[in-house]
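Participant: Next come the chains, spelled out residue by residue.
2 protein chains.
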Amino acid sequence: MTMSLVSILELRHLRTLAALHETGSVSRAAKRVHLTQSALSHQIKALQSHYGLSIIQRRGQAVELTDAGKRLVALAGKVLEEIQATERSLAKMSQQATGSLRIALECHTCFDWLMPLMDAFRQHWPDVELDLVSGFHSDPVKLLEEGGADVVIGSEHKRQRGIVDHPLFRFEILAVLAPEHPLRRKRILHAADFADETLITYPVPEDRIDLILNVLKPAGIHPERRTAELTVAILQLVASRRGIAALPSWGLKNYVDHDYVIARRISTHGLWSDLYASTLTETASRPYLRDFLTTARNTCFATLDGIIPLE
Amino acid sequence: MTMSLVSILELRHLRTLAALHETGSVSRAAKRVHLTQSALSHQIKALQSHYGLSIIQRRGQAVELTDAGKRLVALAGKVLEEIQATERSLAKMSQQATGSLRIALECHTCFDWLMPLMDAFRQHWPDVELDLVSGFHSDPVKLLEEGGADVVIGSEHKRQRGIVDHPLFRFEILAVLAPEHPLRRKRILHAADFADETLITYPVPEDRIDLILNVLKPAGIHPERRTAELTVAILQLVASRRGIAALPSWGLKNYVDHDYVIARRISTHGLWSDLYASTLTETASRPYLRDFLTTARNTCFATLDGIIPLE
DNA sequence: AAATATTAATGAATATAATTCATATCAAAA
DNA sequence: TTTTGATATGAATTATATTCATTAATATTT
Numbered sequence: 059m060t061m062s063l064v065s066i067l068e069l070r071h072l073r074t075l076a077a078l079h080e081t082g083s084v085s086r087a088a089k090r091v092h093l094t095q096s097a098l099s100h101q102i103k104a105l106q107s108h109y110g111l112s113i114i115q116r117r118g119q120a121v122e123l124t125d126a127g128k129r130l131v132a133l134a135g136k137v138l139e140e141i142q143a144t145e146r147s148l149a150k151m152s153q154q155a156t157g158s159l160r161i162a163l164e165c166h167t168c169f170d171w172l173m174p175l176m177d178a179f180r181q182h183w184p185d186v187e188l189d190l191v192s193g194f195h196s197d198p199v200k201l202l203e204e205g206g207a208d209v210v211i212g213s214e215h216k217r218q219r220g221i222v223d224h225p226l227f228r229f230e231i232l233a234v235l236a237p238e239h240p241l242r243r244k245r246i247l248h249a250a251d252f253a254d255e256t257l258i259t260y261p262v263p264e265d266r267i268d269l270i271l272n273v274l275k276p277a278g279i280h281p282e283r284r285t286a287e288l289t290v291a292i293l294q295l296v297a298s299r300r301g302i303a304a305l306p307s308w309g310l311k312n313y314v315d316h317d318y319v320i321a322r323r324i325s326t327h328g329l330w331s332d333l334y335a336s337t338l339t340e341t342a343s344r345p346y347l348r349d350f351l352t353t354a355r356n357t358c359f360a361t362l363d364g365i366i367p368l369e
Numbered sequence: 059m060t061m062s063l064v065s066i067l068e069l070r071h072l073r074t075l076a077a078l079h080e081t082g083s084v085s086r087a088a089k090r091v092h093l094t095q096s097a098l099s100h101q102i103k104a105l106q107s108h109y110g111l112s113i114i115q116r117r118g119q120a121v122e123l124t125d126a127g128k129r130l131v132a133l134a135g136k137v138l139e140e141i142q143a144t145e146r147s148l149a150k151m152s153q154q155a156t157g158s159l160r161i162a163l164e165c166h167t168c169f170d171w172l173m174p175l176m177d178a179f180r181q182h183w184p185d186v187e188l189d190l191v192s193g194f195h196s197d198p199v200k201l202l203e204e205g206g207a208d209v210v211i212g213s214e215h216k217r218q219r220g221i222v223d224h225p226l227f228r229f230e231i232l233a234v235l236a237p238e239h240p241l242r243r244k245r246i247l248h249a250a251d252f253a254d255e256t257l258i259t260y261p262v263p264e265d266r267i268d269l270i271l272n273v274l275k276p277a278g279i280h281p282e283r284r285t286a287e288l289t290v291a292i293l294q295l296v297a298s299r300r301g302i303a304a305l306p307s308w309g310l311k312n313y314v315d316h317d318y319v320i321a322r323r324i325s326t327h328g329l330w331s332d333l334y335a336s337t338l339t340e341t342a343s344r345p346y347l348r349d350f351l352t353t354a355r356n357t358c359f360a361t362l363d364g365i366i367p368l369e
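Residue numbers (the working numbering), protein chains in the order written: chain A, 59 to 369; chain B, 59 to 369.
Be a bit skeptical, because a hint or two may be false.
One copy or two, either will do: identical chains are not told apart, so a pair holds if it fits within one copy or between any two.
[As the list claims (entries may be wrong)] Straight-line distance between alpha carbons at most 20 Å, and here's what the computed DMTMM-like set of lysine to aspartate or glutamate pairs gives: (1) K150 <-> D125; (2) K200 <-> E340; (3) K275 <-> E264; (4) K244 <-> E139.
For the record, the hints were derived by calculation from the structure and aren't laboratory data.
Input sequences plus hints: build the corresponding full structure.
Facilitator: Given below as structure tokens:
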């Protein structure tokens with residue numbers, strides 16, 4: 059283990075280490091920084107031999123950071139944040155710190171993580187007009203084009219000229235049941251299990267509900283539906299045995315831990331959904347939009363469990 | 059001016075910006091980071107077009123940092139310091155934070171900048187035995203080989219197996235005169251001007267005094283000599299008109315500003331000297347030695363004026 | 001227990017991007 | 001005006017980061 063005379067450390071390494079810390083796996087981290095697993099493996103190897111220390115340790119098939127790794131992750135956190143702050147200053151200097159960010163949500167549960175994010179954003183970009191476009195919108199792409207919103211957060215759209223989909227993350231949708239529900243015995247729920255149940259959903263059309271679109275409809279199953287506006291309302295209905303729901307895994311942890319409801323995987327490999335932030339191409343290059351996207355990804359990966367990087 | 063979607067900023071850029079700030083010129087900065095002037099010019103251009111802002115501004119033939127440039131330099135300062143701190147921690151983790159650093163000085167004036175440096179070093183590396191090897195040593199290389207010292211600070215040595223010369227900086231040696239000395243009228247002093255003067259030097263052999271070796275001896279001039287141990291003593295003798303001296307420019311500023319003495323260039327292009335830190339090859343790879351060298355260079359470039367990067 | 005699927009590590013090949021080289025441009029000094 | 005010292009620029013080169021293809025190792029499934 060010899061050491062080169064000058065530091066080989068680059069921000070690329072710190073970005074990798076941060077992603078490694080957030081995702082807990084080399085291949086997920088690789089997705090997060092848009093590189094291959096191999097590339098990261100080489101990067102880590104280079105760092106280890108440079109410092110004469112191991113940075114990660116294989117624990118079974120997962121990896122764990124060593125003390126040295128944690129020290130570098132701590133550095134990465136500080137440094138990357140300082141860089142973000144500097145880049146915000148630079149954007150202000152180039153008079154690119156003004157404009158509007160009106161956010162439209164295709165996905166009701168996204169409120170959960172969006173609220174704190176918006177608070178932080180307001181601090182960092184006081185001169186950007188921040189708004190939440192309320193209500194349901196049948197054609198989000200049109201909304202962007204007509205200037206009704208600057209970002210739409212939802213699923214991917216068919217490739218379209220002038221629109222960019224910025225990948226956020228992939229999450230699992232779990233079935234939510236009352237603790238004493240008969241289906242509690244099954245570890246995994248399949249389409250047939252929903253046949254005689256009442257499905258509790260947000261008040262949106264069928265084709266916007268992944269469970270119906272990707273699981274039930276293909277199996278020819280059409281359960282009864284009942285709707286509620288708010289996530290807590292849905293959970294309340296589930297807990298009082300009025301039916302079952304399908305919700306993103308991240309918002310469920312607290313309720314499941316307190317035995318208010320139970321959660322079950324849907325179909326063998328689970329029902330997954332990908333979340334994107336879509337903008338017009340011209341909007342995509344604005345510094346505050348880019349900053350919004352990076353902090354969105356950062357805070358989501360830091361706070362929501364079970365999500366996976368896209369791309 | 060379009061912007062790429064992800065930050066292209068790397069530590070390399072920050073190292074460049076820091077050097078640019080320290081040296082005030084692209085080509086000197088290039089020397090400092092061991093690259094060509096062209097490489098830095100390309101780096102800066104890339105940053106500027108990435109952020110859509112100019113970072114430097116040509117003021118005549120020199121360059122000046124813009125506000126954006128200064129912001130990035132501030133970032134660089136913080137970030138590079140944090141990295142140094144982290145690398146010290148890592149060295150401790152790999153048990154490479156112990157050993158000895160006995161410093162021998164070939165150059166008397168180096169005391170001036172070495173003292174505060176040693177204080178900082180003691181803080182950062184409490185488990186490294188730090189010492190100053192006192193007295194004059196005829197053969198510094200032998201001193202290293204026999205283990206009498208770990209670093210020798212002085213001029214370059216003939217390439218020798220097992221010894222590495224780490225370049226520190228180049229500095230100018232100025233003639234120092236009493237303010238009312240007859241030679242005050244001349245802007246530049248030449249060998250002949252020293253013929254009838256008494257030369258006041260440190261108590262070292264002639265072949266270790268650059269003025270004699272490179273200017274006077276080649277011109278066949280052998281002025282009287284008188285010696286003093288300390289820089290202040292030499293200056294005192296000069297001020298009281300006992301003779302003239304030749305000292306590094308950096309230590310003179312205060313005395314010249316207070317009209318205690320005056321300083322003059324020696325020979326047309328000035329008399330310059332290069333300072334190196336020499337170690338055994340094996341010592342060179344120790345983290346605390348590398349840290350010592352970088353902080354030495356950093357503090358010198360930050361505090362001593364008129365010095366120029368080597369290599 | 002065997003088979004299959006994940007995940008990470010590795011060496012060689014490739015692609016990318018940083019640096020150098022050669023030269024042009026510019027401002028200041030001689 | 002000529003010369004000198006400094007930066008900018010495009011093309012060529014070099015360096016090196018990343019990918020590809022494969023192996024090894026550990027879980028998970030049948």
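Participant: How would you label the pair K200, E340 (within, between, both, or neither) given a Cα cut-off of 20 Å?
Facilitator: For K200 and E340, the Cα distance is within 20 Å only inside one copy (15 Å; across copies 68 Å).
Participant: Using 20 Å as the alpha carbon limit, work out where K244 and E139 are close: within a copy, between copies, both or neither.
Facilitator: neither (45 Å within a copy, 56 Å between copies)
Participant: Between copies, within a copy, both or neither: which fits K275 and E264 at Cα up to 20 Å?
Facilitator: within (10 Å within a copy, 97 Å between copies)
Participant: Checking K150 and D125: alpha-carbon separation at most 20 Å within a copy, between copies, both or neither?
Facilitator: Between. Shortest inter-copy distance 11 Å satisfies the 20 Å Cα cut-off; intra-copy 38 Å does not.
Hint 4 alone, counting from the list given before, is not met by this structure.
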